Amino acid sequence: MPPLALLVPIGLPILGSLVAALLGRAGSGAARAAASVGLWSAAVAIVALWLPVRSTQELTLGQLGFGSGLDLRLDAMSLVFSLIVLVPAATLLSVQPRSWQESTVAALGVGAAVLAVEAGGVLLTAVAGCTAATLAVIQLDVEDVSAPRPSWALLLAAWLAVAWAGVVLQVQGGTAVYSAVPVSAMTLPVFALLGFAAIFSAGLFPWRGWASRLWARPSLRAAGMTVATLQPLGLYLLVRAYELGDGRYPNPNLNLLLAAWGVLVAFGAAARAQAATTRREYMAEVLPGLAGFALMSVAVGSALGLVAGLILTATVAVIAICLPLLPERAGPQPLLVAAAAAGLPPSLAFGGRLLGLGAAFEHGGAMGVIALAGVATWLLAAAAAARSVGLAAGPGRPAAETFPRVAAILGGLAVAAGPALGLAYYAGSTAASDVMSPPSGALGNGIASIVTVSTVIPVIALLGPLLVVGAIALAFARPVPSVGRSAARPPLFKLHGAILAARIAGEVRAMAVPSQYRSLFNPRALESAAAGGTPILWLASLVAIAFAVTR
Amino acid sequence: MTEVAAFAAWLGGAILVLADARRGLALGLAVMAAGLAGLAFAAGQDPTAGALLAGGVVGAVLRARSGPEGWGLMQPGSTPRIILTVLTALLALYVGASVATGDGAPLRFAVVVAIVLTAGRMLQGSERAAALTAASGLALALAAGATLAPSASFSAAIVAAVIAAGASILPAAEPRGA
Amino acid sequence: MSQVLTALATHARALLVYPGLPTVAVFGVAVEAAWSRIAGGSQILPSARPTRPTIVQVAVALLAVLASVQVAAPFNPIPPAERNVIIAAAAVGFTAWAELALDPELVGRPGLLLIIQSCWLLSVLGPAIEPQSLRPQVLGNVLVPALIPVKVASGFLYLLCLPALLRLWPVTPPADRRRRPRFNTTRALVWFPYCALFTTLFFPPPADDVTGGLRFFGLTIAVAAVCLIASSVLARRGAERARGLYTRIVAPYSVLVLALTVVTLILMR
Amino acid sequence: MEPELAVALPAAGAAFAAALRPRPRLALGLGALLGAGGMAAVVLSAPGAASNLLGVTLSLSAPSRSVLIVAAASLAFVVILAPQNAERSTLLRWGLAGLAGMAAIAVAPTPDISVLVLLVLVVLQATGPGRRPFVRRLRAPALAVALIGLGLLFARMPGPPSLARLGAVGLVAGLVAAIGALPYIHEFDPEEMTASSPIPWMAFVGPVFAVVVLTRARELLPSATGAFGAMLIGLGLLNIVWGCIASWRTELGAAAWRYSFIADWGLALCGFGLGVYEGQAGALLILYAILLGRLPLYLWSRQPLREKIQKDRPINLLVAAALAGSAPFAGFPARILLLRGATALYWPLALVLAATLLLWVPSSLRLGRTVGMPTGRQLLGIVIALGASAALGLYPQPFLSLAGL
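Residue numbers (my numbering), protein chains in the order written: chain A, 1 to 551; chain B, 1 to 178; chain C, 1 to 269; chain D, 1 to 405.
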């Protein structure tokens, strides 16, 4: 395969978007089809590029002009993240109706996200990631300009932070290419920038951040695409940070800090989820919760944790497809998706959490305490999921956007995927070996069990029979009569802190400069002072500059 | 000789600042140009001196033909302008003769004073003719300043002379329309 | 491939024979019957008439069985290395919420239940932090003097939480306002995992022989008995007292256990 | 003879366009032909190669040449896709006059002549028809000429180092006054025709003039480089903060655009002040973005601003993204380069810069809306401007190579 072929997975979504734009006048359906074909073919192309070689492929096309070359690299990690971005986006684009503008912008954004993942250096990742973020914001505004969306400034800040990290690496280490950065250049400030960027670009906050607020939009077309595109990119930064630091972060306390943050994110989401008053409000907290666990797992610092993080990120991608397709009514489909997200055994989320928490316990010390909090948070998320079954629907949205069967099939697959955890582990560990030493554990009996330092998880042997027995038993089970199901349910506990925080935030937002001081910032006044009849300000500033320089 | 020329430059500039009508402005420009040309001549740059003088004289002649009638020297309310001319002279003297070292203090004094006074005239006036004359003076002063540079002062003087003359050709009344 | 098939057979046997479903059912029916008797229930034993199980019962049974095969019961066909305390804790923990999801009328005071479940989780996983192991029998075998205080405190916390987790406290769920409670099938399904997990975590693992079996089941029955006695005492004191106990005593005590765990961690470093 | 032609042909084009005002089509054709010839001369000229056809040595440095080419492209772009209600021949006349002046500034053998040419442009612009009186239009640019003149003078005076620093003060203050950035902002009338407003100083003549002055200043003031850089950075930061906030908060849309130019100039000044390769490259990218992006977009926003049309369509959001310096547009790599320069120099400066970079977002969203609902020629123009900005943003190397970087 010629190295130039690495451009294909990036080029195809862009090509798809261009065709979508050209076909826009012919109808939104044709445009959507073109865009989705672009994304699916990119997904196929990236797998086709990887499979014959199964090792890192690189392409260097010279300097771009901002300190970075057009260096592309396809390794297992890029492959995993590309698929995590491409597959949900392609699915959503394929099934949900949307205008040609939305299809065009969405496909372009996905192309940029794939470029961010395939980029060989930090700076190119920053440019591509910022492009993806910008296009996501535009896509959201195209759909509904008045609906909640991530703050553009915050996303820009995040990707500027990545860019800054890249330039610091260049200044300190001479390069920002992932595979060439000297370990000594990966300092605490660089990591702080990357960590900040990861958290803000993925919306991983313990409070109700943009990743939650997006789901309050009247339509969930763009919300699903945004989460599917941006959230993995944030986590990707933390994964690549291991590569920059030769398999570790510059300080072990950073692992603790990030892991604790991840659990806090998951706890915040679970706490809000258990207090949700509608099904939609519950849905809003599902992905931040899962992403919080993914963050915690990635931050543990071991290859096992990283693999768990990748599995959970993949789960986020699957659930990100399901949620926008779910109707806001009670039924087996929401139950299945909620079970898949909550990590009901033997789901993929169950396996991912099990591995992530196991990695944290095996790390011991403070990480063990964080893991303990993680397990408690998991059960809280499960309680919230259980409570959500009886919640009222929510604001409602066009039925044409919902595809309950697709959601149910994917949710069912996510639940039933537990026995395939070995396969996921294999893929994850192959990817993880690109950024750190291979996992100390291994696969046993092919992909039948996962061997870690302290335990062996017989994924096929244990979860396989459980799945079969469970499926048969549930098929024969008698449903419980749904008496009073839709009655309002009180929260399991009240979020006093959140209420207070919301009140303070509201007060801060409502703050205004008192009217008597508003003239302090008056561009017109300055203009008339500067350019008015007497040029006193000019002369005064000249004297001031002269004084400052010559003193 | 150089001191006299420097004084003439200051005097011309001062007249330019203190005048509000065509004759006064023309006189100021001519005197200033003569002073600056004298300094260039004293510095051994005869072509430059010629160009400066020519530009100043042509500009002054053209100015004398357009703009408000009369001399308009030291109209009521001119006290701040008088103070400006004096202060500028003192400041330029300090910079040119005391702060800066080496030969050529009169030239330095003259150029500083000419630039500051012409610029001051453009900043504080509201008459189009005065501003255009000040622009002519400023061009000549800049060209005179170029004589301090190691090369190419003649070409600067030619350009300045063209500007000085050209600015005086421009209409002294505001055109109508927006 | 044959290894995979063998492992599949082994785990299927564990899930469907021992210590899986039958063990869970027999143990649970026995203990639940005892509780019905103590509580003066209207129905001591489950109905002999065969009926299709409800979806809640199926879900709870599956989770309970998953947890049960993780315990250190003698002759457990699952190799000790393949047992995992997180699987056990999560599976048992999920049972309560499966009930809330599928039949919310069965769960009373879910908020308080959540707090107690968190305390219970601390007692299960707290002792696993310093040994850095997730194998239940390894945790049961920990006899390092420095870790004993945490283990004892956690064991006591586990026992304190058990009546509430098994819904043996006098807080009745919305659907069950009867003065004389009936046989509770879903609870019967979780007696064994809860009690056997305690035996596994806080006592050294038994040998795979008759003595070991007697010891393991003896201890598990003893745990159930302690729980029954504590619950009957609690039932006589009334719902308010029970709530008070859990909010004012158990929760602060669990904070103490957490502090003890952290201090032990620091001292062990 | 390319430098001479680079000045003479656009000047002749402007003169013909002025003379043939009653016949706009002929004026446009002839002006365009001569302008194109002038630009061909610029393109064909070898950077740094001297020409002595008129007895004066003229040459074009690589950075000046690149900015001239981009400015010419911007002019061509604006004239071809002229905004509604704008007469092409008038745009071309003013543009060619400016271009001739810019070329003269760039090819001049000494900075004195560059400043004199600037004075010519100042006087010519002030004498043109406009809403503001001549003297008020002349004031700020004339101050710039005087300050730069004084700066050059001080730089050449023998004496203590403080004289060189005073020279630096004069040059920096003069440059800032010439472009109309803070604290020497020009008086602005939102209703005024663009050609006679302060916008050409910021968005058309300013970039070339800044490149020339700053290149020459470093040669003239080797001992005051530190003070020079510090002033540029300080004033740059001031302009960034004030420009962004004022652009966001000011009432009038046209004024908001003006402040957005000031903010961009702040960034460019910071880049030039850094004094390292990356800073220069970043500043040049900002200047290119002003010429190819912000200026045409401003011109196309004039009519919707008058009609008070504000929209939030995809094109408006893309415009906002381009103005905010978000990737993939030109502002982002420029910011990367500036951050790199600042990090190499003094990292807290990079921190301050990074924090200020976010200030662009609110004002850009506002400015994006002012483009209204573009259709036809205007829409095509905006799409091309966005495309050019994206090309600059994704692959700036050819543009930087053009400037010898």
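Since the hints were made in silico from the structure, they are not lab data.
In this text the structure is predicted, and so the values were computed from the model without any measurement.
Where hints are given, some of them may not hold.
Unchecked claim - For each label pair, taking beta carbons as the anchor points, the in silico distance ranges come out as: (1) 493(A) - 379(D): 50 to 56 Å; (2) 158(D) - 539(A): 23 to 29 Å; (3) 493(A) - 16(C): 37 to 43 Å.
Where a beta carbon is used, it is the ideal one built from N, C-alpha and C, also for glycine.
We went through each hint and held it up to the structure:
1. The hinted range of 50 to 56 Å is satisfied by residue 493(A) and residue 379(D), whose Cβ atoms lie roughly 55 Å apart.
2. Remark: the range hint 23 to 29 Å for residue 158(D) to residue 539(A) is upheld by a beta-carbon distance near 27 Å.
3. As the Cβ distance of residue 493(A) to residue 16(C) is approximately 38 Å, the hint placing it in 37 to 43 Å holds.
In summary, the structure agrees with every hint in the numbered list given earlier.
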